[in-house]
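Here is what each chain is made of, one letter per residue.
2 protein chains.
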Amino acid sequence: MPKLNIKSGRIELVHGAGGRATQQLIQELFLPYFDNEELSQQQDAATLNLPAGRVVMTNDAHVVNPLFFPGGDIGCLSIHGTINDLAMQGAIPNALAVSFVLEEGLALKDLQRVVKSMSEATNDAGASIVTGDTKVVEHGNADGMYITVTGIGVADPRYELSGKRAQAGDVVLLSGTLGDHGIAVLSQREGLSFKTDLQSDTQSLNDLVQVLLKAAPDLCCLRDPTRGGVATTLNEWASQSKTGIVINENALPIKQTVLGACELLGLDPLYIANEGKLLAICPPNQAEACLNAMHAHPKGQEAAIIGELQTDPHNFVVLNTHFGGQRII
Amino acid sequence: MPKLNIKSGRIELVHGAGGRATQQLIQELFLPYFDNEELSQQQDAATLNLPAGRVVMTNDAHVVNPLFFPGGDIGCLSIHGTINDLAMQGAIPNALAVSFVLEEGLALKDLQRVVKSMSEATNDAGASIVTGDTKVVEHGNADGMYITVTGIGVADPRYELSGKRAQAGDVVLLSGTLGDHGIAVLSQREGLSFKTDLQSDTQSLNDLVQVLLKAAPDLCCLRDPTRGGVATTLNEWASQSKTGIVINENALPIKQTVLGACELLGLDPLYIANEGKLLAICPPNQAEACLNAMHAHPKGQEAAIIGELQTDPHNFVVLNTHFGGQRII
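Residue numbers (this note's numbering), protein chains in the order written: chain A, 417 to 745; chain B, 417 to 745.
FYI, nobody ran anything at the bench for these hints, they're computed from the structure.
Being a predicted model, the structure only gives us computed values, none of them experimental.
Note that beta-carbon positions come from the ideal geometry of N, C-alpha and C, so glycine has one too.
A few of these clues could be false.
Stated by the list, open to error - Computed cross-link-like contacts, DSSO-like style, restricted to lysine-lysine with a CA-CA straight-line distance of at most 27 angstroms:
(1) 658(A) <-> 419(B)
(2) 532(A) <-> 419(A)
(3) 658(B) <-> 419(A)
(4) 671(A) <-> 715(A)
(5) 525(B) <-> 419(B)
(6) 580(A) <-> 419(A)
What the hints assert, rightly or not - With the Cβ distance kept under 10 angstroms, some of the chain A side facing chain B (calculated, not the full set):
(7) 465
(8) 472
(9) 513
(10) 551
(11) 562
(12) 642
(13) 687
If we strip away everything but chain A, and leave its shape as in the complex, we get (with noise of 0.2 angstroms):
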């Protein structure tokens, strides 16, 4: 059998049969960028070596057009996103079973552009590939493919991370500027008028939210605002911890260019996804230190305080305008 032609070869159907072909995929494009001492036993399930911790696991599924964009490609973004999930409970991310849906036709120089992005981003969260399955679906049945992240992490006991614990009175914090991704994704599809040199923001945060727990220990919650965007994430919070939630349109961190996009495609920014920020409530006498932490971090340099929680039956999110006025998001 000759070896894989990476530079011009493209995916088969029989390369999702579980045959040879299968084989050869996995020991010469996914092996030499995931390779580790689990998946090299190469057994249908893969042996965790979990510290001592209360075990939190999470998935998603990716699916993303196009493949690559400006700061990022669906390798890495689905890695940050499982990665993210995990941090924002706390946990410090450990094992990752992948699964690729891959279309008839795919070219394998861009699977292997996919897969070393995904190693990148897993050896930077210092997490590791354990397990993994690769279909292909016939031409025209996939956006190029498709990825799924399950990931397992550890967290401290301690730290129990959940919008219930929030009340009145607590104070908003965002990372960075929103709507980066959504908006750098957006101006690469075929059709849209507008060009920018703006670039995703994916990126994983778990070193960011163990700095920010070990500052504000008595944080509330943590959450990254991806589908549906920070409103979306204050709206599940309001509901969860039964308050109202008054945010500052002055207050929040956004980048010209974006504004800009948003006006010119009639998108609201606070519902544009994010991939590499992250929302947090905590108490107000540690509000400071929050803000403190984020800024003193490569990750966290646009951080602001956006906005509190207040007594509200209602649980309505309001934000107050630039013009003094109001409107429930």
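Chain A is already provided as a structure; the job is to place chain B on it using the hints.
Here is chain B on its own, set in the frame of chain A:
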């Protein structure tokens, strides 16, 4: 917001956008079937309550056409597949993470049927679905739906099942008839000219495995021969154990309808997928006990000893045919 019309409604792109429509899909279609303490927390990650032991993790992506086939559907199949990968490591299934990629236009009643089937399969295996994710792709970009299931289980550390432990003289057992799943699914594809009353064998094998580990505690290894069939598993074991394996065609349990369909379609039943059978290798002195334990279990009634391992520097898998010949598989 009116309730979902499950009878005649369809999946729309907004169901995957992370906002209110996604929440409604979760509340009205997923939670009624998947409800448990973990999932009802509706965090992005779930905290697991694992018993002591060796923690095992596995995942599988499922792409099946058609979604519904005689004897099962993509829902129970996706659960059985992951449960079985855990079981083959001797693990007792605990927590599952489920991710859906849904195609715009999918009938909600089909999704409900799949979700119900997943729920039943999960309960049967004594596991829980603790976290999940749903994405929606444009019409034409998925075969109805793709499902990835990742599972965590806990194994008694005394059992270390691996093909590396097998050696010449050990015995190969198969828990029942081969090829039922692959042929049952093929029979439903458009354009194929045969009809059968064959059912897929899709089922969880975790209960059978626990019985076998008691009856034959020195079992070397277990595997469910899914994609790639019995032949692929045997070749992987030959390579891992650095032996040859000889199989007797006369001993293979196989249904007449499967044999007939394979002849008609020019397929080798040894390469057809199974979704509810297991292969085992065990030392000769425990083979009889292992076979008896299979026969005494409802999922192993047609089990058979099908061959044995032998010294072979080429690590070939050889079939002794009905006609007294031999062929390498």
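Now the hints, each set against the structure:
For the suggested pair residue 658(A) and residue 419(B), the alpha carbons sit about 23 angstroms apart, so the restraint of at most 27 angstroms is met. Between residue 532(A) and residue 419(A) the alpha-carbon distance is near 19 angstroms, which keeps this suggested pair within the 27 angstroms criterion. Between residue 658(B) and residue 419(A) the CA atoms are separated by roughly 24 angstroms; this keeps the pair inside 27 angstroms, and the hint holds. Taken as a hint, the residue 671(A) and residue 715(A) pair is honoured in the structure, with Cα atoms around 16 angstroms apart against an allowance of 27 angstroms.
The straight-line distance between the Cα atoms of residue 525(B) and residue 419(B) is roughly 14 angstroms, inside the 27 angstroms bound, and the hint therefore holds. For the suggested pair residue 580(A) and residue 419(A), the alpha carbons sit about 55 angstroms apart, so the restraint of at most 27 angstroms is broken. Given the 10 angstroms rule on beta carbons, the hint for residue 465(A) holds: about 8 angstroms separates it from the nearest Cβ of chain B. For the restraint placing residue 472(A) at the interface with chain B, the shortest Cβ-Cβ distance is roughly 5 angstroms, inside the 10 angstroms limit, so the hint holds.
Interface restraint check for residue 513(A): the shortest CB-CB distance to chain B comes to about 4 angstroms, inside 10 angstroms, so the restraint holds. Interface hint status for residue 551(A): upheld, as the beta-carbon distance to the closest one in chain B is roughly 5 angstroms, under 10 angstroms. Restraint check, residue 562(A) versus chain B: the minimum CB separation of about 5 angstroms is within 10 angstroms; hint holds. Against a cut-off of 10 angstroms between C-beta atoms, the interface hint on residue 642(A) holds, since the closest Cβ of chain B lies about 7 angstroms away.
Given the 10 angstroms rule on beta carbons, the hint for residue 687(A) holds: about 7 angstroms separates it from the nearest Cβ of chain B.
Violated hints amount to a single one, hint 6; each of the other numbered hints is respected by the structure.
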